[in-house]
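Visitor: Listed here are the chains, written in short residue letters.
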Amino acid sequence: MESNNVREIIQQNIRKKNHFSDKLMPKIFLFMALISVVTTFGIVYTLIFDSIKFFSQVPISEVFSTKLSPLSKNPSFGFLPLLNGTFFTTIIAMLVAVPIGMGAAIYLSQFASEQIRKILKPVLEVLAGIPTIVYGFFAYSFVTPLLMKLIPSLGAKNVLSPGIVMGIMIIPMVASLSEDAMNAVPEIMKEGAMGLGSTKLETTTKVIIPASISGIVASVVLAISRAIGETMIVTIASGSAKNFTFDITQSMQTMTAYIVEFTSGDAGSGTVGYYSLYAVGLILFIFTLIINLIAQYIARKYREEY
Amino acid sequence: MNKDGNEGFILKEDVKLMNEKMTRPEKEQVTFNKDRIAWRIGLNNFAKHLFFLSTVFAIVVLGILLYQIVVGSIGWLDWQFLTNNLSIFPEKAGIKGAIMGTLFLMMIVIPITLIIGVATAIYLEEYATEGRIQRIIKVNISNLASVPSVIFGLLGLTVFSRMLNLGPSILAGGLTMSLLVLPIVVVASQEALRSVPGFLREASYGMGADKWTTIWRVVLPISIPGIITGAILSISRAIGETAPLVVLGVPTLIMKIPTGIMDDFTVMPIQIYYWTLDTVLTPEYAYLASATIVVLLVTLFILNSVAIIIRNKFQKKF
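In the order they appear, the protein sequences are chains Z and B.
Per the working numbering, the very first residue in the first sequence carries number 1; after that it's consecutive.
Per the working numbering, the very first residue in the second sequence carries number 1001; after that it's consecutive.
Bear in mind the hints are in silico, worked out from the structure with no lab data behind them.
Idealized CB from N, CA, C, for every residue including glycine.
Any given hint might turn out to be false.
Claimed, not checked - Beyond 12 Å from chain Z on every Cβ pair, some chain B residues (computed): (1) Asp1035; (2) Gly1075; (3) Ile1088; (4) Pro1090; (5) Lys1092; (6) Gly1094; (7) Lys1096; (8) Leu1103; (9) Ile1108; (10) Glu1191; (11) Ile1310.
Unchecked claim - Covered by chain Z, per the in silico footprint, the following chain B stretches (three or more residues, Cβ under 8 Å): (12) 1130 to 1140; (13) 1152 to 1160; (14) 1198 to 1212.
Let's have the full structure, built from the sequences with the hints guiding it.
Guide: Here is the structure:
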């Protein structure tokens, strides 16, 4: 039945499945789309498979000890020093990135004129595009010597310098995600506050930030995940000392740096040391996955609808 | 809004005072009000400058970083540096091998990510119906994008390097990198496909085209600028990424230039990494690292400029 209604013809043609291509193509594309799912399964599989070999040879109580010496004759695999290193670099990075990133987000979304914003924002985004290896070089060859002048006891490899540089690297991420959240607050609410005579600062702290808090928190949580997974900066500038210490002027090893050190070292396939890579990788993967799920949950659950 | 009470109370107080001022202007109250307002405006201006400083702080650091690196590379970055092979003598060392390695790596990464990425985007945007499979793929891609790159290195090491026996070759590195940057291409292509207006599709269907013809002849050609922009962004990510390749076991010193995809290779970021580590022994390596960083950053700058130009010039607005 030919119809004269154009919309009906269109609908008929959309449903038309006479051609070979319209039967085959969806299957090909589905196959391609499933490659990314297979990748995730591949990651989970490799991590779990080799971690099982690790945990079958190393008792859990040893994993939670503070002694990490994978290459000694009598190897010991306590991962607490690695968790400790990751914890401190992440905290330092957040202490830098959150206040400055938030300040930048507030300035760009509330105070800056359109022209200034058009200049500052792309420049800020350049920071996000610089490879992490460059930040690593910067932390090691510039920031560490600079900090040594202020803190003479600072080690050539330490946690402070990569933490600060990592924070600077994350500023654009916090700034841009928080700015998006603040821009999503309806103009009416802002105008309401301004109309009551509040200054821009008061509008920001009492209206804009409470209204966009879910997006802001999500951006901070994502930044934490980024800091935990960051590799090259800490590998270069924080070194590979496996001591369990709280002294941020000294070298600590993060989980990521351990993976890099061990694979580029002489870990032969099949040794416990080799499998320990996957155990650390699994812990890292679970950490970042949980944090990302939390961020997604916060952004979805507490999103204010206007 | 008034949970912390105090300041909110002042706000109301000010309004009340202002009203009072209108009806009966008493001197003390007016001066108190003025002080209050001056204080609030002052605080506002102070905060404004503080926020401005925090925005500029990051940019100043960027300036220092670029300055340090450019100054460090002066005298070392010349044509010889680009065309010489690696050498243990800093004066003779060049990064020809690393540049060739990066080019070879891109020859693998570009076609693989483009084909899989665009196909995934087409499936999600054009073919998939709301349902479990579509949701799984979407959640999966957003989670994959946040997996630390070093984990992709472990995947490559296990699957490509050991299970498929490719070793630390260009092919293994390229496949690992492709999976790493895949989410970027998918998301960018999805946005490009979504921006094609519905009336163009309807026009195509109205003229008798079926779904595949519509996608191939109408939707894809229009979204190509957006797809290319995403592809370039993913390539610049792949060029700068170091950790997965180090984990894969890309060796420290490659003296010979790669000639095929099964050869061992090195890339610019890895060269920077090892030179930075070795500055303890040979301080001159810091200059070589700086010079390599300049080459890397210039490459990325050119790529990103091209992406911006394509986005601005060729993207049609409807």
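Visitor: Can we trust that isoleucine 1108/B is non-interface, i.e. its beta-carbon lies farther than 12 Å from all of chain Z?
Guide: 15 Å, holds
Visitor: Are there at least three residues in the segment 1130 to 1140 of chain B whose beta carbon sits under 8 Å from a beta carbon of chain Z?
Guide: Satisfied; 4 residues make the cut.
Visitor: For the segment 1198 to 1212 of chain B, does the count of residues with a C-beta closer than 8 Å to a C-beta of chain Z reach 3?
Guide: holds (count 8)
Visitor: Does the claim that isoleucine 1088/B lies off the interface hold, with its Cβ farther than 12 Å from every Cβ of chain Z?
Guide: Holds, because the least Cβ-Cβ distance between isoleucine 1088/B and chain Z comes to about 19 Å, which exceeds 12 Å.
Visitor: Can we confirm that no CB of chain Z comes within 12 Å of the CB of glycine 1094/B?
Guide: Glycine 1094/B is indeed farther than 12 Å from all Cβ atoms of chain Z, at 19 Å.
Visitor: Check the non-interface label on lysine 1096/B: least C-beta distance to chain Z beyond 12 Å or not.
Guide: Correct as stated: the minimum Cβ-Cβ distance to chain Z is 19 Å, above 12 Å.
Visitor: Quick check for students: does the CB of glutamate 1191/B sit more than 12 Å from each CB in chain Z?
Guide: Since the minimum Cβ distance to chain Z is about 15 Å, glutamate 1191/B lies beyond 12 Å and the statement holds.
Visitor: Counting residues of the segment 1152 to 1160 of chain B that have a beta-carbon nearer than 8 Å to any beta-carbon of chain Z, does the count reach 3?
Guide: Check passed, 7 qualifying residues.
Visitor: Regarding the assertion that leucine 1103/B does not contact chain Z, is the least Cβ-Cβ distance greater than 12 Å?
Guide: 17 Å, holds
Visitor: For proline 1090/B, which was marked as not at the interface, is the minimum beta-carbon distance to chain Z over 12 Å?
Guide: 15 Å, holds
Visitor: Check the non-interface label on isoleucine 1310/B: least C-beta distance to chain Z beyond 12 Å or not.
Guide: 16 Å, holds
Visitor: Find the nearest Cβ of chain Z to the Cβ of aspartate 1035/B and say whether that gap is larger than 12 Å.
Guide: 15 Å, holds
The structure agrees with every numbered hint stated previously.
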